[in-house]
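Novice: Build the full structure now, drawing on both the sequences and the hints.
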Amino acid sequence: MSKTVIVSIKGLSRSFGDVRAVAGVDLDIQEGEFITLLGPSGSGKTTVLRMIAGFEKPDAGTIELAGIDVSQLPPYERDVNTVFQDYALFPHMNVISNIEYGLKVKGVAKQECTTRALEALRQVRLEGYGERKPSQLSGGQRQRVALARALVNRPSVLLLDEPLGALDLKLREQMQIELKQLQREVGITFIFVTHDQEEALTMSDRIAVFNNGKIEQLGTPREIYENPVSAFVSEFVGQTNKLTIAGKNINIRPESISVSQSTGAGNQSLSGVLQDIIFVGAITRYLVHTSSGVVISVNPIGDLNVGDAVMLSWDKEKEFLVH
Amino acid sequence: MTISRNARLLLASLLGVGLAFIYIPLSVVIINSFNASKTFSWPPSHFTTIWWSKALENTGVRQALKWSVFAGLSATAIALVLGTCLAFAVSRYKFFGREVISLLVVLPISLPGVVTGIALNSAFTKQLGMSTGLLTVVIGHATFCIVIVYNNAIARLRRMGTTLQEASMDLGANGITTFRLITLPNLASALFAGGLLAFGLSFDEIVVTTFTAGPGIQTLPIWIYNNLFRPNQAPIVNVVAATLVVLSVIPIYLSQRLSQDSTTGGRF
Numbered sequence: 001m002s003k004t005v006i007v008s009i010k011g012l013s014r015s016f017g018d019v020r021a022v023a024g025v026d027l028d029i030q031e032g033e034f035i036t037l038l039g040p041s042g043s044g045k046t047t048v049l050r051m052i053a054g055f056e057k058p059d060a061g062t063i064e065l066a067g068i069d070v071s072q073l074p075p076y077e078r079d080v081n082t083v084f085q086d087y088a089l090f091p092h093m094n095v096i097s098n099i100e101y102g103l104k105v106k107g108v109a110k111q112e113c114t115t116r117a118l119e120a121l122r123q124v125r126l127e128g129y130g131e132r133k134p135s136q137l138s139g140g141q142r143q144r145v146a147l148a149r150a151l152v153n154r155p156s157v158l159l160l161d162e163p164l165g166a167l168d169l170k171l172r173e174q175m176q177i178e179l180k181q182l183q184r185e186v187g188i189t190f191i192f193v194t195h196d197q198e199e200a201l202t203m204s205d206r207i208a209v210f211n212n213g214k215i216e217q218l219g220t221p222r223e224i225y226e227n228p229v230s231a232f233v234s235e236f237v238g239q240t241n242k243l244t245i246a247g248k249n250i251n252i253r254p255e256s257i258s259v260s261q262s263t264g265a266g267n268q269s270l271s272g273v274l275q276d277i278i279f280v281g282a283i284t285r286y287l288v289h290t291s292s293g294v295v296i297s298v299n300p301i302g303d304l305n306v307g308d309a310v311m312l313s314w315d316k317e318k319e320f321l322v323h
Numbered sequence: 001m002t003i004s005r006n007a008r009l010l011l012a013s014l015l016g017v018g019l020a021f022i023y024i025p026l027s028v029v030i031i032n033s034f035n036a037s038k039t040f041s042w043p044p045s046h047f048t049t050i051w052w053s054k055a056l057e058n059t060g061v062r063q064a065l066k067w068s069v070f071a072g073l074s075a076t077a078i079a080l081v082l083g084t085c086l087a088f089a090v091s092r093y094k095f096f097g098r099e100v101i102s103l104l105v106v107l108p109i110s111l112p113g114v115v116t117g118i119a120l121n122s123a124f125t126k127q128l129g130m131s132t133g134l135l136t137v138v139i140g141h142a143t144f145c146i147v148i149v150y151n152n153a154i155a156r157l158r159r160m161g162t163t164l165q166e167a168s169m170d171l172g173a174n175g176i177t178t179f180r181l182i183t184l185p186n187l188a189s190a191l192f193a194g195g196l197l198a199f200g201l202s203f204d205e206i207v208v209t210t211f212t213a214g215p216g217i218q219t220l221p222i223w224i225y226n227n228l229f230r231p232n233q234a235p236i237v238n239v240v241a242a243t244l245v246v247l248s249v250i251p252i253y254l255s256q257r258l259s260q261d262s263t264t265g266g267r268f
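If you're matching them up, the sequences are chains D and X in order.
In case it helps, UniProt numbering puts the first sequence at residues 1 to 323.
In case it helps, UniProt numbering puts the second sequence at residues 1 to 268.
Be careful, since some hints might not be right.
Unchecked claim - Here are a few chain D residues that face chain X, going by a calculated C-beta distance under 8 Å:
#, residue
1, 74
2, 76
3, 88
4, 91
5, 94
6, 101
7, 105
Unchecked claim - Here are the computed lysine-lysine pairs in the DSBU-like style, where the Cα-Cα straight-line distance is at most 30 Å:
#, chain 1, residue 1, chain 2, residue 2
8, D, 10, D, 180
9, D, 180, D, 104
10, D, 57, X, 38
11, D, 214, X, 94
12, X, 66, X, 54
13, D, 248, D, 180
Unchecked claim - Each pair of labels, with its calculated beta carbon distance range:
#, chain 1, residue 1, chain 2, residue 2, range
14, X, 93, D, 41, 22 to 28 Å
15, D, 42, X, 19, 33 to 39 Å
16, X, 95, D, 8, 33 to 39 Å
17, X, 95, D, 74, 16 to 22 Å
18, D, 110, X, 100, 28 to 34 Å
19, X, 89, D, 279, 55 to 61 Å
20, X, 19, D, 74, 53 to 59 Å
21, D, 106, X, 159, 27 to 33 Å
22, D, 218, X, 97, 44 to 50 Å
23, X, 174, D, 154, 19 to 25 Å
FYI, nobody ran anything at the bench for these hints, they're computed from the structure.
Don't be surprised by glycine CBs; every beta carbon is placed ideally from N, CA and C.
Specialist: This is the structure in structure tokens:
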């Protein structure tokens with residue numbers, strides 16, 4: 001990659017009492033990329049984000065921002081801005097004052113504050129809402145204001161701490177696409193924290209999967225999904241069938257397996273009995289009882305009914321190993 | 001919960017009796033301040049405002065009112081500064097003995113006033129060698145006014161959480177700017193409510209005042225106490241008592257209204 005590194009994290013650690021929340025994290029983030037820190041709660045992803053923002057000081061390690069170690073600087077001396085999980089809009093200020101806040105405290109002229117705030121408001125498609133108080137906005141609108149309030153400062157890095165967590169599913173999916181578009185438009189590096197693997201796969205250029213305070217795997221969504229390096233990653237990102245065939249452990253995704261009454265097209269096969277059919281909208285899951293447990297497939301061939309003797313079939317290349 | 005009709009009637013009448021027991025004597029005092037009869041013959045035959053104008057002309061009353069207002073305002077001001085600082089320390093920082101300090105700050109409100117009064121009097125006059133005067137009244141009142149401000153401030157700080165401050169710092173504001181533009185405006189209504197309540201308490205306090213006021217200092221409650229049994233002062237005592245009721249009730253009413261408003265206007 002020819003792009004420059006904007007954030008460089010080395011040996012980052014942080015403990016809370018006896019708990020090692022972050023246990024030696026190394027991570028280089030490229031300028032302009034959308035990177036997601038993905039992991040279950042307590043995996044250390046949020047603590048890493050808070051250390052980049054400056055709300056927590058690391059016990060060990062450094063955080064370089066554009067080549068300068070900022071790990072000991074207070075939040076207000078770092079060129080990063082945060083979109084908080086609960087938005088943290090100032091309740092006593094209207095929308096425009098909220099957005100202008102960062103510029104105002106940095107001494108930007110009043111005229112320019114207003115121009116840039118209105119521009120940011122347009123960017124998040126909330127023109128005309130400037131005079132409202134945060135309490136008069138819906139969750140989705142508050143989220144956009146929080147985004148505008150951070151982006152108006154044109155930080156070199158934008159930190160997003162589970163910003164879509166409080167929105168309902170439909171709005172969340174819409175915001176995922178909007179966020180991604182906005183990020184391309186402004187060209188700012190986004191560091192996005194989430195526990196939602198689908199969200200991570202949808203939006204990210206790269207994903208860092210966190211577990212027990214460490215990065216378990218770093219890669220593009222496709223790399224993470226198709227070549228998970230560990231059992232943890234394969235189970236946390238997507239669904240995995242774990243099979244034992246002829247004494248060998250193999251892992252395979254449900255969409256790589258077809259299920260039919262005759263032998264399928266793949267070069268591997270396993271017989272079983274169709275135990276259940278679960279309709280979940282866009283896909284239908286077929287649960288097949290086999291000699292190595294219940295296997296899930298989402299690719300039926302022909303008409304199948306519960307209780308049928310069926311054949312599972314897949315290509316050997318689709319299997320993956322984990323440690 | 002459902003209550004039977006009879007039980008409800010019984011409870012309602014008990015409530016009525018309880019409220020009447022408190023408020024009828026109080027209204028008699030206020031009505032008597034307009035009673036033309038000097039011996040307060042009941043029912044009042046004529047309406048008059050003569051006692052009010054006499055009270056206003058009475059130099060003792062006017063001086064007592066000034067001292068009361070001064071003591072109330074000063075004690076409230078001290079309580080606002082110290083109570084807010086304490087609330088910040090206890091809610092934002094972890095330090096050894098934090099829980100103990102929190103308890104020690106709140107304790108004075110439950111201590112018997114007579115004990116606080118005697119203790120302060122002895123501390124001022126014997127240990128510190130001060131003579132009692134208006135200053136000692138102010139300090140005495142501040143001991144319980146702090147509790148009120150502290151309780152209001154800490155409740156608001158806890159509900160506010162720390163993310164608003166973090167957001168402000170994240171946007172480039174240092175600690176002082178954050179306090180001025182974010183924390184204080186969100187704390188203001190709680191402090192105002194606490195301040196009003198503290199003033200109300202100080203204004204009608206008599207026990208601690210008795211022990212901390214010097215011989216020449218009379219706050220309104222002390223003036224009433226000293227003039228209660230002088231027959232020719234009785235009409236004026238009624239006026240002063242009525243004033244005291246009104247001036248203590250208004251701040252408490254306002255402060256309750258404010259706290260109610262702010263519970264619905266929390267954080268987002």
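Novice: Is it true that residue 89 of chain X and residue 279 of chain D lie within 55 to 61 Å of each other by Cβ?
Specialist: holds, 59 Å
Novice: At the C-beta level, are residue 93 of chain X and residue 41 of chain D separated by a distance inside 22 to 28 Å?
Specialist: holds, 26 Å
Novice: Close enough to count: is the Cβ of residue 74 of chain D nearer than 8 Å to one in chain X?
Specialist: holds, 7 Å
Novice: Holds or violated: the hint that residue 105 of chain D contacts chain X, with Cβ atoms closer than 8 Å.
Specialist: holds, 4 Å
Novice: Taking 30 Å as the top limit, are the C-alpha atoms of residue 10 of chain D and residue 180 of chain D close enough?
Specialist: Answer holds: residue 10 of chain D to residue 180 of chain D is near 27 Å, not above 30 Å.
Novice: Would the hint on residue 76 of chain D stand, with a C-beta cut-off of 8 Å toward chain X?
Specialist: Cβ of residue 76 of chain D sits 5 Å from chain X, so the hint holds.
Novice: Does the nearest C-beta of chain X fall within a distance shorter than 8 Å of the C-beta of residue 91 of chain D?
Specialist: holds, 5 Å
Novice: Tell me if the interface restraint on residue 101 of chain D is satisfied: Cβ within less than 8 Å of some Cβ in chain X.
Specialist: holds, 5 Å
Novice: Need the status of pair residue 66 of chain X, residue 54 of chain X: alpha-carbon distance at most 30 Å?
Specialist: holds, 17 Å
Novice: Are the Cα atoms of residue 180 of chain D and residue 104 of chain D separated by 30 Å or less?
Specialist: Answer holds: residue 180 of chain D to residue 104 of chain D is near 28 Å, not above 30 Å.
Novice: Do the Cβ positions of residue 42 of chain D and residue 19 of chain X conform to the proposed distance bound of 33 to 39 Å?
Specialist: violated, 54 Å
Novice: Given the hint of 33 to 39 Å, check if residue 95 of chain X and residue 8 of chain D actually sit that far apart at their C-beta atoms.
Specialist: Holds - the Cβ-Cβ distance for residue 95 of chain X and residue 8 of chain D, about 35 Å, lies within 33 to 39 Å.
Of the numbered hints listed earlier, those contradicted by the structure are 5, 10, 13, 15, 18.
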